[in-house]
Structures are given as C-alpha cells and as structure tokens.
Amino acid sequence: MGYFVAATGFAALLLLLLTTYRQVNLQKSLLQLVCVSGAVWAGTTGLQLIYGYPLLFSLVTESLFNGILSLLLLGTIISAERLSEVIKHKLMILCGVIFLVATLEICRLLVPFLHQKVFFFAHLCQAIIGLWFIENLYRRSHRQELQAIKPICLGLGMIYGYNFALYADAFLTNVIAPSFWDGRGWIIATAIPLIVLTTRRLNRWASRVYVSRDVIYHSTLILVAGIYLLAMSIVSFFIKAAGVSWADTAQTIFFALSSLVLASLFLSSPLRRRLKVFIAKHFFANKYEYRQEWITFCASLEHHERSPYDNALAAMRGPFGCTAGLLASMKNGRLQAVSHDGCAAASPEATYLLEHLGLPAIEHDWIIDFEKLKAGYEVPPFSVEHDRLPAPAPFSVLVPVHSDGGFQGVFLLSRPTSTDTVDWEDRDLMHAIGSQLAVYLTMYEANQKLAESQQFDTFNRMSSFLVHDLKNVVAQLQLLSRNAARHKHNPEFIDDAFDTVESAVNRLNNVLSQLRSKRIDADSTQHIEIAPVIAQVCQTRSVQEPCPVFRDLTHEPIRLDANKERFENILNHLIQNAQDATDAQGQVDITLQVTGNHCQIDITDNGHGMSQDFIQHRLFKPFDTTKGNAGMGIGAYDAKNMIEQLGGHVTVQSAPEQGTRFVLAVPLSTRSPQKNPTILKE
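Per numbering that gives the first Met the number 0, the sequence shown starts with residue 0, numbered consecutively.
Don't take every hint at face value.
What the hints assert, rightly or not - DSSO-like mimics (lysine-lysine), calculated; alpha carbons at most 27 Å apart, straight line:
id, residue 1, residue 2
1, K89, K149
2, K563, K448
3, K620, K448
4, K620, K563
These are calculated hints, taken from the structure and not from any lab test.
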C-alpha cells in the first residue's frame, strides 16, 4: 500500500510541476524526470508485491530513479545550466556507475549471468553514493539556501539511509527481509512532502505549487488531533498500568477531560485563525505576483497628467481591485481629502471615519477592516464606538500612511475584489505600499515647499540687485547735487548734469522693467573698450577720498565682449570698497595691462586689509556684508560671478593692515573692432 501512495505522490508532484512552471532550466527538467522515474519505481514495486513479479523489475526501476536523481543533485551542486556541463564533470563517473548497474540489471532480465547478491551490493553502493551527494549538496550550498535545501536533504537522506540498511541486510543474508521491503514504501511517501518544500523554496527549482488551504488546514487539524489523542492514550495507559483499584475510573475521566480540552481548542476561533495564518505563511505560494505588482506600482506613479495624490490613490487601489477610494492628508491638525475616485469627498461616512478613526489608526499604524470591526472579529489597540460606526458602504478598509516627520494621511478603500476577505497577506501588502507612498508623498510635499522657498529666494535676490542698482543711481544724483552749488553756472557741468540725469533715467527704467517682469533680465553683450570704461568709473568715484588713480599700461585699445553697464557696476563697487577700507590719505590704484591672452585689471589699496579666513568664507558669499544696513553684500559676489561667466577669474591678495589687491583676469575679445564707414564727399 505504501508504494502506491508514494507513486501517487510522485505523480501529483509531477502534475503540479507541469502546470505551474513558467520557465524551464536543467534542474527543473531533471526534477520532472525524477518524479516520472519515482512514480514508475514505486508503482512497479507495489505491483511486484501483489503479483509476485521478479524482484529484478523493481531493482531496474530503482536504479533508473537513483541515476536521474544523482544527475539532479550533481547539477544542483555545480549550478549547471546545461546537461553537457554535468556530463563533462568529473563526478559524472558516479552517476555513470548507477546507470551501468541499471544496464546490467536489464541484461540480467534477458540473460542470467550474475548472482543476485551482486545486485544487492550494487544497490548498497548506490545508497552510499546518494548519501555522499546529499552531504555535498548541503555542505556546498550557500548560507541563504540552507533553509531551502534542508527538507530534501532530510527526505532523500531518509530514503538512502533506509536503502543502506535494507541492502546491507540483504547482502549479508542473501535475501530481502519482507518487513524491510514493505515498510520502504511508506518511507518514500513520507519523503515526498519534504521534496515539495524544497521545490517551493529553492529558486532554481521554484514553482508556485498550490494545494488547497482547506485541505492542508483540515489535514493539519486531524494530524494534531491524532497526535494529541495518542499522547493522551499513552498517559491513560500508564494510569491503568498503575494497578490501583480506581485506575479504570481515572482512565475514563482523564480521557473524557482530554477530549473536552481538544474540543475546546478546536472550537477556539483565535487558535483556528492563527493556525490558518501559520499554514498560509509557511506552506503556500503567495497570493500576489509581487514582481508584477511592483512594476505596476512604479508605473502608476509616473502618470504626470495626474496629481501625485491621484497617483498614490491609484497605486493603493490597484493590487486589491477596489472600485472606490479616498486619500486624506493631515493638514492643520485634521484630515482633509486630497484625492478621491468613485466616491464623494465629503460624504458623511467619510467625514466620520476620518474624524474618529483616522488619527488613532495613524498613531497605532493599524489597518482597520470595518466589517470585521463591526462584527467584533477585530479588536484594535484603541477604543471604538461600535454602535456609531456608519454602514460599511462605500468603504471597507482604512489604511494609515505616515513617515517620520513627513506625510501623514489615510486611505479609505472600498471592498477589495481580489480576495474574499482581507487576510495577513493583504495587510502586509497594504503596509508595504503605504510605506512607499508615504516616502513618495513626503518627497512631493518637500519639493513643493522647496519650490516656494526658491521663489522667495529668487524674489529676494532680485530685490537685492535692484536695490544695489538704485544705490548707484542715488550715488550719481548725490554727486550731482553736491557739486551743483559750485559749478551750476559752468556750461560743461550743465552738460554733465544732463548726461548724469539721462543715465539715471535709463537705470530707473531698467529697474522698473525688471520689477514688472518679476525677473532680472539676461545681460546683453557688447563689444566694449576697457580703458575708457575704467577711466569713466574712476572719474565717477573721484567724489570720495582717496581719489582712485588709473594707469593704462597697454599700448593699444583692449576690447571685451561683456555687458557695459554691469561691467561698470562691478568696477564701481570694487573701487568703492577699496576707498571705504582706506583712509583719506591712503592710495587706491587701478592698473590695466595685458598678460598673454588675458587683460588684467588690478585694484590695489593700502587700507585695512582682510584675513584669509574672511576671504575664503565670507568675501564672495552673497548677502553677507560688514557694512551693516549700508551694504547689501552682493558686490563682490556679482563681480566674481560676472568675471567667471566671461571665462576669467578673480584673485584676492590681502592681509590685515597691509592693504588689498583685487586681480580681475578676463580673456581678450577675438573680434576685430568695427571701423566707422568712410563718407565720400564731392
């Protein structure tokens, strides 16, 4: 009987493997052949016991099973991808020995030329080879695969160990003991579930083998009940064996009480639920195809035509097939709907659930199944007024979503259509998706705040530059007003005054234009001659002591492609800084010279100077000023920024009380100066 059970087990495993494999490799193909040969071997041996066929038929099929199984074990040990790799391996000689024995046994069926004892010894050697392969498989497996390998090592080790004892006894006595031979069928049948566990756990053999949960659940209950009753029977036997007069009565009472305890355990709903979860978690393929679910989840977050909140709601609803859903975010201490689909955002049911259950669910990270909650099957770690819960429609599940210091909210979902009831696997997947969406929405809201902050930074920066321009205009007008009393009757002063006013008007119009457009316009590049620009700036800064002294060491006009107005501004600022840092009796010198293919502008003073720490950490930092409210802290920053945009660089040499030297090195323009057209006269 045991052999037929084993044959049925191998056939069932083969059927499951054929219907659940999605891709084929060497190990999976060999495993299928092992199931075929195992079913044939067990069936042949069972028929041999019933009809008395020659023993050699069973030995031949057993050798074929051992040979194919040895190929599978060897291929797994060396991680072979093709059969040729197994055949070329040096250990293939052991597999060849087994197939040679099978060949000799087939020949023995046709021509009797070897004694039966030789074949007993050959099968004894097969058992030793099998045990050696099992030991190598376990020893050479990666640490991560040991848990997957253990079941098949135990199962096959049990078969080969039994065979070793069986054939060792047969070799010594020259006959197979009937009890040994009959019991082996049950040993093989017992090993098949262990093989199934490895095929499920090991990636190289993996298949999504599914057996009805109800079948395993009730079988487990029967098995547990049998073990329990057996243990109680043993205890009652010892009670009766005590030999006291009341032993029979005590035995009956003990057995009755034991049955009562067993019935109580079987009727315990928590125990039954825990047993179901345990079986589902440890003995079955997962309900969801997580690779595909992850791909779909990522794709649902990439719909740019929808808001991130809509994407998050779709990502949460997708795996569970929910027809309606709502996402609420914590804002100003209360949950507010930010996305909904298939339901109203402000329905009375949603409002009540968000106000009374949303915050506790977030605090305890608890998924609420409203149907189980109302029925009393679910006891959350916070108080709930069951009589005030609204009807479950349209919502069935509440899923909290939160991250530390980030997004906080809840999903309200309709009844999942992917499952009859929300079990542990659904909850685990909801938690996993919720954790990812919390990070996703936290990043989105952080980016929104960052964008707002950047807009304010841009506005503040624009304001600072505009105020800087206004200061330059005010300085021009102050200079004009200061000299008006002495030179107002001088025609040249009047001409300069109009030029100054015109320049101020142009600057103010530029400021107004930038304020209207809410941005700083890009610089317009001009082909300018440097020396006249420096001379003009020095003349403008002559109103402040010490007056700057300009020395042009070039022998021909030096031109630059830059925005003239901005170039004047940075020179004006750097010269003013030099004047502010120098006493009235000091010196401020500006020198223009050519070094290689660069023009070099030196602004030197003998003022207070700066420390190296200040130069490295504060001089070119925007909005950092040492002038208090009188400065904006952007002059040096703007100068460095412009020179670097032109492809040049700024060098600063300074020391406290030893003066400062600014060196501006800018590439020379490669364009030829435009000549004025010649007008021919008659």
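Here's how the hints hold up against the structure:
no.: 1; hint: K89 x K149; result: 25 Å, holds
no.: 2; hint: K563 x K448; result: 38 Å, violated
no.: 3; hint: K620 x K448; result: 24 Å, holds
no.: 4; hint: K620 x K563; result: 24 Å, holds
Hint compliance for this structure: hint 2 alone is broken.
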